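> What follows is the residue order along each chain.
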Amino acid sequence: MEYMAKVLIKLKNGVLDPQGKTICDSINALGFAGVYDVRVGKLIELKLQGKNEKDISKQIERMCNKLLVNPVIENFEYEIVGGYKRKNK
Amino acid sequence: MKFGVVVFPGSNCDHDCYHVAKDIIKQDAELIWHKHTSVDGVDCVILPGGFSYGDYLRAGAIARFSPVMKAVKRFADEGGLVIGICNGFQILLESGLLPGAMIWNRDLKFVCKNVYLRVENNNTVFTNLYKKEEIISIPIAHFQGNYYADGGLLNRMKDNGQIVLKYCSREGSINSESNPNGSVANIAGIVSKRGNVLGMMPHPERCSEAVFGNTDGLRIFQSVTEHFKKNIREAS
Chain H
29 MEYMAKVLIK LKNGVLDPQG KTICDSINAL GFAGVYDVRV GKLIELKLQG
79 KNEKDISKQI ERMCNKLLVN PVIENFEYEI VGGYKRKNK
Chain G
56 MKFGVVVFPG SNCDHDCYHV AKDIIKQDAE LIWHKHTSVD GVDCVILPGG
106 FSYGDYLRAG AIARFSPVMK AVKRFADEGG LVIGICNGFQ ILLESGLLPG
156 AMIWNRDLKF VCKNVYLRVE NNNTVFTNLY KKEEIISIPI AHFQGNYYAD
206 GGLLNRMKDN GQIVLKYCSR EGSINSESNP NGSVANIAGI VSKRGNVLGM
256 MPHPERCSEA VFGNTDGLRI FQSVTEHFKK NIREAS
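The listed protein sequences derive, respectively, from chains H and G. Everything in the first sequence is counted per this note's numbering, starting at 29 for the first residue and increasing by one. Everything in the second sequence is counted per this note's numbering, starting at 56 for the first residue and increasing by one.
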């Protein structure tokens, strides 16, 4: 079965996010005065094959823990989109 | 003794480190391609600065899986000496050989300049030729050098004497003004709990000969050879 998975990686609370801080300042400067906190994360889209959603979950968690995420500073969550069809080249 | 300098795709301070080991402190040295699966025969491994794998994903995150890193990990676990400079430090953090992590610099700029450092612990393999609390100057050049450790880890590292170098002012004050990148507690360099692995963001290989107008970095390398000589004397 073919799937698409969206992995969302965020800096943990308490870890300084210089990009978020800079964007927040810049948004404020544009007049959006109500914005008081911005955090920037990463979105990774994976297209992959697996037996079922459970198998895909397992694969993704392993990939995240091994490579995609640094657990010292980052958290992750993911969403699996089933029924994805690979486009023919 | 013999230094082994690992070459990753994107390393760019490998030859500088090799040059210091070979020509300045007159030791054996070899370059080790990252595909090698052994560091046999080497007494001290250096992971040099650069941009291994383009810093993709996170600096050091991909180099950590190079075949040579398995050998480096085994070597370190057995007590072998490892120095990670700049990108090398980032790789050591990603591979878990040193605790903590690096994030983007506080001011979102690549910072390339001479900084002052205070030697917090001179009782290590890598700093035994400096005086306690000596203020030295070594250049930095990085984008992801903002060292992060949570409060618990920071306290444990303090208690174990693992914090070796801190950013400071010319007079030695340690505060946010003398902190070039936002690192917690102004940390510039740390050692592993066992003391055999050093990670530092500043580049000692860039200030190890008089022609560069600064030789403050030289004693990092000389401290290692000093330690090595002493060990051999004690063993015999």
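Accuracy of the hints is not assured; some may be wrong.
With a straight-line cut-off of 27 Å between C-alpha atoms, the simulated DSS-like cross-links for lysine-lysine are [said to hold, decoys possible]:
(1) H:38 / H:49
(2) H:49 / G:168
(3) H:70 / G:186
(4) G:168 / G:186
(5) H:34 / H:79
(6) H:40 / G:284
(7) G:128 / H:94
(8) G:90 / H:94
(9) H:94 / H:40
(10) H:38 / G:164
(11) H:40 / G:164
(12) G:248 / H:40
(13) G:125 / H:86
(14) G:81 / H:94
(15) H:86 / H:75
(16) G:81 / G:285
(17) H:34 / H:115
(18) G:57 / G:77
(19) G:213 / G:248
(20) H:70 / H:49
(21) H:82 / H:40
(22) G:186 / G:81
(23) G:77 / H:94
(24) H:113 / H:49
(25) H:49 / H:34
(26) G:213 / G:77
(27) G:186 / G:77
(28) G:164 / H:49
(29) G:125 / G:90
Label-pair restraints from in silico Cβ distances [to be verified]:
(30) G:232 / H:60: 29 to 35 Å
(31) G:163 / H:41: 18 to 24 Å
(32) H:59 / G:215: 19 to 25 Å
(33) G:183 / H:71: 26 to 32 Å
Just so you know, these hints were derived from the structure itself, not from any lab. Just so it is clear, the structure is predicted and the values come from calculations on it, not from any experiment. Note that the Cβ used here is the ideal one computed from N, Cα and C, for glycine as well.
> So, for every hint listed, does it hold in this structure?
The hints, checked one at a time:
1. H:38 / H:49: At roughly 14 Å apart (the allowed maximum being 27 Å), residue 49 (chain H) and residue 38 (chain H) satisfy the hint.
2. H:49 / G:168: 24 Å, holds
3. H:70 / G:186: Outside the cut-off at roughly 44 Å; violated.
4. G:168 / G:186: Holds. Residue 168 (chain G) to residue 186 (chain G) sits at ~23 Å (cutoff 27 Å).
5. H:34 / H:79: 18 Å, holds
6. H:40 / G:284: Roughly 45 Å between the alpha carbons, so the hint for residue 40 (chain H) and residue 284 (chain G) is violated.
7. G:128 / H:94: Between residue 128 (chain G) and residue 94 (chain H) the Cα gap is close to 16 Å, so the pair holds against 27 Å.
8. G:90 / H:94: 20 Å, holds
9. H:94 / H:40: 17 Å, holds
10. H:38 / G:164: Distance ~21 Å between residue 38 (chain H) and residue 164 (chain G) Cα, so the pair holds.
11. H:40 / G:164: Holds - the C-alpha atoms of residue 164 (chain G) and residue 40 (chain H) are around 22 Å apart, at most 27 Å.
12. G:248 / H:40: Answer holds: residue 248 (chain G) to residue 40 (chain H) is near 25 Å, not above 27 Å.
13. G:125 / H:86: 25 Å, holds
14. G:81 / H:94: With Cα atoms ~40 Å apart, residue 81 (chain G) and residue 94 (chain H) exceed 27 Å; violated.
15. H:86 / H:75: With a Cα-Cα distance of about 15 Å, the restraint between residue 86 (chain H) and residue 75 (chain H) holds, given a limit of 27 Å.
16. G:81 / G:285: 17 Å, holds
17. H:34 / H:115: 18 Å, holds
18. G:57 / G:77: 9 Å, holds
19. G:213 / G:248: Answer holds: residue 213 (chain G) to residue 248 (chain G) is near 10 Å, not above 27 Å.
20. H:70 / H:49: At roughly 16 Å apart (the allowed maximum being 27 Å), residue 49 (chain H) and residue 70 (chain H) satisfy the hint.
21. H:82 / H:40: 26 Å, holds
22. G:186 / G:81: 24 Å, holds
23. G:77 / H:94: Distance ~36 Å between residue 77 (chain G) and residue 94 (chain H) Cα, so the pair is violated.
24. H:113 / H:49: 39 Å, violated
25. H:49 / H:34: Status holds; Cα separation ~25 Å.
26. G:213 / G:77: 34 Å, violated
27. G:186 / G:77: The given pair, whose Cα atoms are some 25 Å apart, holds under the 27 Å limit.
28. G:164 / H:49: Holds. Residue 164 (chain G) to residue 49 (chain H) sits at ~14 Å (cutoff 27 Å).
29. G:125 / G:90: Holds. Residue 125 (chain G) to residue 90 (chain G) sits at ~10 Å (cutoff 27 Å).
30. G:232 / H:60: 29 to 35 Å: 30 Å, holds
31. G:163 / H:41: 18 to 24 Å: Given range 18 to 24 Å: holds, Cβ gap about 20 Å.
32. H:59 / G:215: 19 to 25 Å: 50 Å, violated
33. G:183 / H:71: 26 to 32 Å: 47 Å, violated
Hint compliance for this structure: hints 3, 6, 14, 23, 24, 26, 32, 33 are broken, all remaining hints hold.
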